[in-house]
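Number of protein chains: 2
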Amino acid sequence: MSTTDRVLLLLDDPTGLASVGIRSVDPDSEHVSVLDLGVTRGDGIFEALDAINGVAQSLEPHLARMARSAALLDLPKPSLDVYRAAVASAITESTSSHLLVKLVMTRGIEGGTATTGWVYAEPVGDFTAARRDGLRVITLDRGYRHDVAHTSPWLLQGAKTLSYAVNKAAVREANRRDADDVIFLSSDGYVLEGPNSTVILQFGSHFVTPATDQGILAGTAQAAFFEFCDASGNSTEYRRVTPDELVAADSVWLASSVRQLVPVRELDGVPRGFDRAVSAAALEYLLGRRR
Amino acid sequence: MSTTDRVLLLLDDPTGLASVGIRSVDPDSEHVSVLDLGVTRGDGIFEALDAINGVAQSLEPHLARMARSAALLDLPKPSLDVYRAAVASAITESTSSHLLVKLVMTRGIEGGTATTGWVYAEPVGDFTAARRDGLRVITLDRGYRHDVAHTSPWLLQGAKTLSYAVNKAAVREANRRDADDVIFLSSDGYVLEGPNSTVILQFGSHFVTPATDQGILAGTAQAAFFEFCDASGNSTEYRRVTPDELVAADSVWLASSVRQLVPVRELDGVPRGFDRAVSAAALEYLLGRRR
Numbered sequence: 001m002s003t004t005d006r007v008l009l010l011l012d013d014p015t016g017l018a019s020v021g022i023r024s025v026d027p028d029s030e031h032v033s034v035l036d037l038g039v040t041r042g043d044g045i046f047e048a049l050d051a052i053n054g055v056a057q058s059l060e061p062h063l064a065r066m067a068r069s070a071a072l073l074d075l076p077k078p079s080l081d082v083y084r085a086a087v088a089s090a091i092t093e094s095t096s097s098h099l100l101v102k103l104v105m106t107r108g109i110e111g112g113t114a115t116t117g118w119v120y121a122e123p124v125g126d127f128t129a130a131r132r133d134g135l136r137v138i139t140l141d142r143g144y145r146h147d148v149a150h151t152s153p154w155l156l157q158g159a160k161t162l163s164y165a166v167n168k169a170a171v172r173e174a175n176r177r178d179a180d181d182v183i184f185l186s187s188d189g190y191v192l193e194g195p196n197s198t199v200i201l202q203f204g205s206h207f208v209t210p211a212t213d214q215g216i217l218a219g220t221a222q223a224a225f226f227e228f229c230d231a232s233g234n235s236t237e238y239r240r241v242t243p244d245e246l247v248a249a250d251s252v253w254l255a256s257s258v259r260q261l262v263p264v265r266e267l268d269g270v271p272r273g274f275d276r277a278v279s280a281a282a283l284e285y286l287l288g289r290r291r
Numbered sequence: 001m002s003t004t005d006r007v008l009l010l011l012d013d014p015t016g017l018a019s020v021g022i023r024s025v026d027p028d029s030e031h032v033s034v035l036d037l038g039v040t041r042g043d044g045i046f047e048a049l050d051a052i053n054g055v056a057q058s059l060e061p062h063l064a065r066m067a068r069s070a071a072l073l074d075l076p077k078p079s080l081d082v083y084r085a086a087v088a089s090a091i092t093e094s095t096s097s098h099l100l101v102k103l104v105m106t107r108g109i110e111g112g113t114a115t116t117g118w119v120y121a122e123p124v125g126d127f128t129a130a131r132r133d134g135l136r137v138i139t140l141d142r143g144y145r146h147d148v149a150h151t152s153p154w155l156l157q158g159a160k161t162l163s164y165a166v167n168k169a170a171v172r173e174a175n176r177r178d179a180d181d182v183i184f185l186s187s188d189g190y191v192l193e194g195p196n197s198t199v200i201l202q203f204g205s206h207f208v209t210p211a212t213d214q215g216i217l218a219g220t221a222q223a224a225f226f227e228f229c230d231a232s233g234n235s236t237e238y239r240r241v242t243p244d245e246l247v248a249a250d251s252v253w254l255a256s257s258v259r260q261l262v263p264v265r266e267l268d269g270v271p272r273g274f275d276r277a278v279s280a281a282a283l284e285y286l287l288g289r290r291r
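Chains as they are written, first to last, in my numbering: chain A, 1 to 291; chain B, 1 to 291.
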């Protein structure tokens with residue numbers, strides 16, 4: 001990757017209150033303080049999205065989710081205008097037409113009052129094989145009950161935070177078990193989400209995803225998948241899902257912004273099928289999003 | 001705080017394999033990349049300790065715990081020699097005689113192979129009032145069963161990671177409830193630890209702390225407190241502790257490296273007493289540690 005297809009934009013003030021300044025800097029230099037709570041405590045939030053041919057996909061749902069994450073963490077309100085402008089600048093500045101764009105906001109330097117924020121864009125990787133052939137996925141205990149976001153909001157479930165070490169550890173556990181990715185289960189036996197994805201199940205022409213009142217993220221790619229379902233005359237539903245339904249379903253997918261849509265071809269070591277026609281058509285719809 | 005009493009030392013290679021170089025840099029400049037997994041995922045580990053009159057307190061237990069955290073996160077082994085040397089340099093370089101020293105290691109730049117590490121030292125704050133008069137503490141659900149470190153090690157309980165957003169959120173919840181700090185309970189009803197401290201209970205001449213096989217950190221200040229107990233002819237025990245024991249105990253303390261020892265003077269809104277003589281004597285012992 002060259003430095004012209006990678007873009008780093010620092011925000012003078014992520015809240016936009018003191019300044020709406022956006023500065024393009026060298027992504028290979030250091031721009032974060034060791035005193036920043038983003039690094040010392042993982043105390044911040046992020047979003048990641050695809051920008052294809054100049055279009056930041058599902059930008060507004062991502063910005064809305066970022067605002068929700070900020071509220072869950074009692075962070076100052078991010079200026080969605082500033083982040084929107086920075087995303088647009090990153091897309092314009094980069095020489096690449098297919099970008100992964102990350103939006104970050106931290107609580108800033110410990111003891112200070114200013115937040116830290118940036119937008120970073122780089123060319124996305126190639127997910128062709130995973131999208132076509134599927135992934136080997138294991139289910140892992142997330143340790144929390146499905147209702148923990150309601151009973152114990154300080155656990156920050158449902159917020160997209162920089163404290164993602166557990167999500168990385170879960171994927172390493174999958175790799176140790178000769179698998180590629182993870183579907184988390186609640187301690188009381190419900191299907192939650194992947195470390196970086198939303199779970200979608202197919203039962204004939206009915207498509208189901210775990211309800212977001214279970215301390216999980218509202219998936220932006222999954223929402224677009226449901227649009228695709230609605231447009232093609234299928235039915236969709238948000239509800240509780242049990243692990244045996246992951247076995248019984250005609251297809252299981254993991255939807256996320258960058259990988260977009262990958263089918264599950266093996267679950268907990270057992271091969272499973274998926275609807276290749278629906279998978280290909282939905283992927284085409286997701287990649288073709290113009291907003 | 002001046003820049004001469006604050007010291008930031010960057011490690012050329014935290015594993016010590018490629019280099020044992022240590023560079024002193026301006027702590028007010030930026031030295032971390034936005035691509036560092038320490039900030040993008042809270043994917044790293046840390047330790048914090050007190051250095052009083054040239055002595056890094058409980059340095060060896062802190063280094064041993066850092067090595068355990070690295071193993072739990074599948075990080076490369078940190079070079080304890082390099083961190084030991086950096087701590088010594090920080091103490092020598094600073095003009096302050098009472099320092100908070102932080103040791104950090106991250107997984108480094110995403111996609112790279114090198115870890116990132118530094119040691120930072122600054123003068124400690126003043127905890128006189130809290131140590132003498134105590135804190136108002138609330139109990140909060142940690143969401144996990146007490147045995148989750150055994151059943152689900154990918155949840156990283158028992159590792160001191162940079163993914164500490166939940167710990168910060170818990171303290172904000174305490175502040176919302178007009179309290180100062182938190183004692184976490186497991187979802188199945190055991191006393192765990194504070195967001196940044198170890199819980200110690202006194203029953204006459206018997207001192208108890210929650211067993212570390214419950215996904216909680218081995219406390220370095222608590223270990224020194226138990227040395228004090230042993231030396232003064234009292235008995236000590238690691239075991240399961242239930243919330244009603246926090247009410248029944250003669251005293252409850254929170255032990256940690258920087259605040260050292262603070263008594264709990266109010267629990268969940270109810271005033272409670274503590275043994276002022278033991279509290280003062282133990283604090284004096286902790287502050288006087290020469291190793």
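Because the hints were derived from the structure by calculation, they are not lab data.
This structure is a prediction, so every number in the text was calculated from the model and none was measured.
Note that beta-carbon positions come from the ideal geometry of N, C-alpha and C, so glycine has one too.
Errors might be hidden in some of the hints.
Every beta carbon over 10 Å from chain B, so not counted as near; a handful from chain A, in silico [unchecked claim]:
1) D141
2) N167
3) A169
4) R172
5) D268
6) S279
Stretch by stretch, here's where chain B covers chain A in the computed footprint (C-beta under 8 Å, at least three residues) [unchecked claim]:
7) 20 to 33
8) 42 to 49
9) 99 to 106
10) 145 to 154
11) 255 to 261
Now the stretches of chain B that chain A is said to cover, found in silico as 3 or more residues with beta-carbon under 8 Å [to be verified]:
12) 38 to 48
13) 54 to 63
14) 98 to 106
15) 144 to 153
16) 163 to 172
Against the structure, the hints come out as follows:
no.: 1; hint: D141; result: violated, 5 Å
no.: 2; hint: N167; result: violated, 7 Å
no.: 3; hint: A169; result: violated, 4 Å
no.: 4; hint: R172; result: violated, 6 Å
no.: 5; hint: D268; result: holds, 15 Å
no.: 6; hint: S279; result: holds, 28 Å
no.: 7; hint: 20 to 33; result: holds (count 7)
no.: 8; hint: 42 to 49; result: holds (count 4)
no.: 9; hint: 99 to 106; result: holds (count 3)
no.: 10; hint: 145 to 154; result: holds (count 6)
no.: 11; hint: 255 to 261; result: violated (count 0)
no.: 12; hint: 38 to 48; result: holds (count 8)
no.: 13; hint: 54 to 63; result: violated (count 0)
no.: 14; hint: 98 to 106; result: holds (count 3)
no.: 15; hint: 144 to 153; result: holds (count 6)
no.: 16; hint: 163 to 172; result: holds (count 9)
In summary, the numbered hints that this structure violates are 1, 2, 3, 4, 11, 13.
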